[in-house]
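Participant: Just so you know, the protein sequences line up as chains E and F, in that order.
The first sequence lines up with residues 1 to 229 when you count with the working numbering.
The second sequence lines up with residues 1 to 297 when you count with the working numbering.
Derived from the structure by calculation, the hints contain no laboratory data.
Since this is a predicted model, take the numbers as computed values, not measurements.
Be aware that one or more of the hints could be misleading.
Unchecked claim - Cut-off 30 Å, straight-line C-alpha distance, at most; resulting in silico cross-link-like pairs (DSSO-like, lysine-lysine):
| # | chain 1 | residue 1 | chain 2 | residue 2 |
| --- | --- | --- | --- | --- |
| 1 | F | 293 | E | 94 |
| 2 | E | 205 | E | 133 |
| 3 | F | 95 | F | 131 |
| 4 | F | 2 | F | 145 |
| 5 | E | 77 | F | 7 |
| 6 | E | 127 | E | 94 |
| 7 | E | 6 | E | 127 |
| 8 | E | 77 | F | 95 |
| 9 | F | 193 | F | 95 |
| 10 | F | 95 | E | 90 |
| 11 | F | 2 | E | 81 |
| 12 | F | 145 | F | 131 |
| 13 | F | 293 | E | 117 |
| 14 | F | 78 | E | 133 |
| 15 | F | 293 | E | 90 |
| 16 | F | 193 | E | 77 |
Claimed, not checked - Coverage of chain F stretches by chain E, computed from C-beta distances (three or more under 8 Å per stretch; other residues unrestricted):
| # | region |
| --- | --- |
| 17 | 2–16 |
| 18 | 204–213 |
To be verified - Residues of chain F placed beyond 12 Å of chain E at every Cβ, according to the derived structure:
| # | residue |
| --- | --- |
| 19 | 50 |
| 20 | 76 |
| 21 | 97 |
| 22 | 201 |
| 23 | 216 |
| 24 | 245 |
| 25 | 262 |
| 26 | 276 |
| 27 | 295 |
Each residue gets a CB set at the ideal place from its N, CA and C atoms; glycine is no exception.
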Amino acid sequence: MLIEMKDVWKTYPNGVMALNGIDTYIEKGEFVYVVGPSGAGKSTFIKCMYREEKPTKGSILIQGTDLAKLRERNIPKVRRKIGVVFQDFKLLPKLTVFENVAFALEVIEESPRTIRKRVNEVLDLVKLRDKAKSFPDELSGGEQQRVSIARSIVNRPPVVIADEPTGNLDPETAWGIMDILQEINDRGATVVMATHNKDIVNTRKKRVIAIEGGRIVRDEQKGEYGYEV
Amino acid sequence: MKSRTLKRHFRESFKSLGRNGWMSFASIAAVTVTLLLVGVFLVLLLNVNHLGSQIEGDVEIKAYIDQTTKTEQYNQIKADIEKIPNVQSVTFQSKEEGLKELIKSLGKEGGAYLSKQSENPLPDRYIVKTKTPQDTGSVASEIKKVTHINKVNYGQETVERLFKFTSVSRTIGIVLIIGLLFTAMFLISNTIKLTIVSRRKEIEIMKLVGATNGFIRWPFFIEGIFMGIIGSLIPILVVIFGYELIHDQLSKKLDSVFIQLLPVYPMVLELSLLLVVLGALIGIWGSMTSVRKFLKV
Ligand SMILES: Nc1ncnc2c1ncn2[C@@H]1O[C@H](COP(=O)(O)OP(=O)(O)O)[C@@H](O)[C@H]1O
Ligand SMILES: [Mg+2]
Numbered sequence: 001m002l003i004e005m006k007d008v009w010k011t012y013p014n015g016v017m018a019l020n021g022i023d024t025y026i027e028k029g030e031f032v033y034v035v036g037p038s039g040a041g042k043s044t045f046i047k048c049m050y051r052e053e054k055p056t057k058g059s060i061l062i063q064g065t066d067l068a069k070l071r072e073r074n075i076p077k078v079r080r081k082i083g084v085v086f087q088d089f090k091l092l093p094k095l096t097v098f099e100n101v102a103f104a105l106e107v108i109e110e111s112p113r114t115i116r117k118r119v120n121e122v123l124d125l126v127k128l129r130d131k132a133k134s135f136p137d138e139l140s141g142g143e144q145q146r147v148s149i150a151r152s153i154v155n156r157p158p159v160v161i162a163d164e165p166t167g168n169l170d171p172e173t174a175w176g177i178m179d180i181l182q183e184i185n186d187r188g189a190t191v192v193m194a195t196h197n198k199d200i201v202n203t204r205k206k207r208v209i210a211i212e213g214g215r216i217v218r219d220e221q222k223g224e225y226g227y228e229v
Numbered sequence: 001m002k003s004r005t006l007k008r009h010f011r012e013s014f015k016s017l018g019r020n021g022w023m024s025f026a027s028i029a030a031v032t033v034t035l036l037l038v039g040v041f042l043v044l045l046l047n048v049n050h051l052g053s054q055i056e057g058d059v060e061i062k063a064y065i066d067q068t069t070k071t072e073q074y075n076q077i078k079a080d081i082e083k084i085p086n087v088q089s090v091t092f093q094s095k096e097e098g099l100k101e102l103i104k105s106l107g108k109e110g111g112a113y114l115s116k117q118s119e120n121p122l123p124d125r126y127i128v129k130t131k132t133p134q135d136t137g138s139v140a141s142e143i144k145k146v147t148h149i150n151k152v153n154y155g156q157e158t159v160e161r162l163f164k165f166t167s168v169s170r171t172i173g174i175v176l177i178i179g180l181l182f183t184a185m186f187l188i189s190n191t192i193k194l195t196i197v198s199r200r201k202e203i204e205i206m207k208l209v210g211a212t213n214g215f216i217r218w219p220f221f222i223e224g225i226f227m228g229i230i231g232s233l234i235p236i237l238v239v240i241f242g243y244e245l246i247h248d249q250l251s252k253k254l255d256s257v258f259i260q261l262l263p264v265y266p267m268v269l270e271l272s273l274l275l276v277v278l279g280a281l282i283g284i285w286g287s288m289t290s291v292r293k294f295l296k297v
């Protein structure tokens, strides 16, 4: 089992109870949509997986490592197993596309040769090889999101987590992003993706975990989006 | 750490120094001003100290022997004085020697007058040095109790005032220097904090892709050292050349009053080393305290 959550609770310091007893598990190679109304706790659910937030109670196991018991200095090790794609891309404006992606390998002290090879590979995958020398503000939203995806997968993590990766994109571009995530999944990585995109969920059928009020209210293989947009 | 990683850290820290030009300049200026003041204060303090110890070293008690005392009793007197705690040395000075010294110290005219006198009015005396200059007063009053000593003299008021002056100026100097150092650290950590705010996103992303805190801290560490060292350059030059100049100008004038300034070397070199080290420490401290807050992602 790749990811396992046992009775996970999260109360923010301001008293908001974002997660109220989450129990679930995700197997290696799965593709999971996380859906639910705004404020339901989807982002919190995802942030707990890569330890941006620490659960108030309960345990989260990633390949057997309990994030709740994790020492501060071991957090980087876990983060290297998880690629994160953000809705707002989080690219560094002063670095080129190539440098932004290479960044993820530099911090783990890969050799320049490996970095060059791997970055070019993933830029091929997201079809941005020809934009390697561009800066983020010279790219469209969809292209920026593809850079962000490239960065998340360049160190070959077993899990890729995406929080509304298509949230800011027009439908056509969103489908392009989906194709890339599908490709990543086909190559063996587990993909967890929070989304508001009814079209995508209902068309490309996968496992759907629905969260409402910090609880899982539905968990179906080949599920439906289930909410009116 | 791999050498290419170290290279990267150096590259990053230089880039950041350049990118945050004005902020770096402000931090460096803060170090410069502080170290200038610290340097000047230290030069003053060291000289006051030096002066103090010169004069302290000169402090001696003159114990005058009753004119009627027979020479056979002199050894007994000496032994009695040596028994007093804190006495370091007891030297005999005959009235002839005493007269010569007096004539010398009075200069031409007074001396000429004295040397014409056939009768030597001075008594024989013992010159007593104490182990610690601060004990002069108490030792002097003990000596006075020794038989056949009818008078002691050690320039009571001057000595006492001098000790007060040197110890007060030492304390003030040290307090000022410590205060200045803290001010500089505060200024630097604040300016660096401002540069870090603009790099907050970068740090956040680094953390999210699995960079360790150490990895993130290194460039800031190097940057801090650099700013500190650059900031110490002007103060060092000022201390070396400034003190050389002042030493040249003043030492001639002070010679006539038997006071010497500290020699320029090796003092300025030791001081320079101290300033570089202080600069680097201020820089490191400033950058480390400001980066710490942003590492908790
Ligand atoms: N950092 C935070 N501090 C305080 N409250 C937060 C924080 N992040 C999210 N919340 C609150 O927690 C609840 C769940 O938020 P979130 O997980 O972002 O939901 P979703 O992603 O499903 O919209 C919301 O009520 C939100 O206001
Ligand atoms: Mg959200």
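Participant: Quick one, are residue 127(E) and residue 94(E) close enough, alpha carbons at most 30 Å?
Facilitator: Given that 30 Å is the threshold and the Cα spacing comes to 21 Å, the pair holds.
Participant: Run the distance test for residue 6(E) versus residue 127(E): straight-line Cα separation, threshold 30 Å.
Facilitator: violated, 39 Å
Participant: Quick check for students: does the CB of residue 216(F) sit more than 12 Å from each CB in chain E?
Facilitator: violated, 8 Å
Participant: Residue 95(F) and residue 90(E): Cα distance at most 30 Å?
Facilitator: The hint is violated at about 94 Å.
Participant: At least three residues with a C-beta closer than 8 Å to a C-beta of chain E: is that true for the region 204–213 of chain F?
Facilitator: With 10 residues close enough to chain E, the hint holds.
Participant: Within the region 2–16 of chain F, is the number of residues with a Cβ closer than 8 Å to a Cβ of chain E three or more?
Facilitator: holds (count 4)
Participant: Just to be careful, I want the Cα atoms of residue 77(E) and residue 95(F) compared with a cutoff of 30 Å; is the pair within it?
Facilitator: violated, 89 Å
Participant: For a C-alpha distance cap of 30 Å, please report whether residue 2(F) and residue 81(E) respect it.
Facilitator: With Cα atoms ~22 Å apart, residue 2(F) and residue 81(E) stay inside 30 Å; holds.
Participant: Against chain E, does residue 262(F) hold up as non-interface, every C-beta pair farther apart than 12 Å?
Facilitator: The claim stands: residue 262(F) keeps its Cβ more than 12 Å from every Cβ of chain E (closest is about 49 Å).
Participant: For the pair supplied as a hint, residue 193(F) and residue 95(F), is the alpha-carbon distance within the 30 Å limit?
Facilitator: violated, 73 Å
Participant: Are the Cα atoms of residue 293(F) and residue 90(E) separated by 30 Å or less?
Facilitator: Given that 30 Å is the threshold and the Cα spacing comes to 20 Å, the pair holds.
Participant: Is the straight-line distance between the alpha-carbon of residue 293(F) and that of residue 117(E) 30 Å or less?
Facilitator: violated, 35 Å
In the structure shown, a violation is registered for the earlier hints numbered 2, 4, 7, 8, 9, 10, 13, 14, 22, 23, 27, in ascending order.
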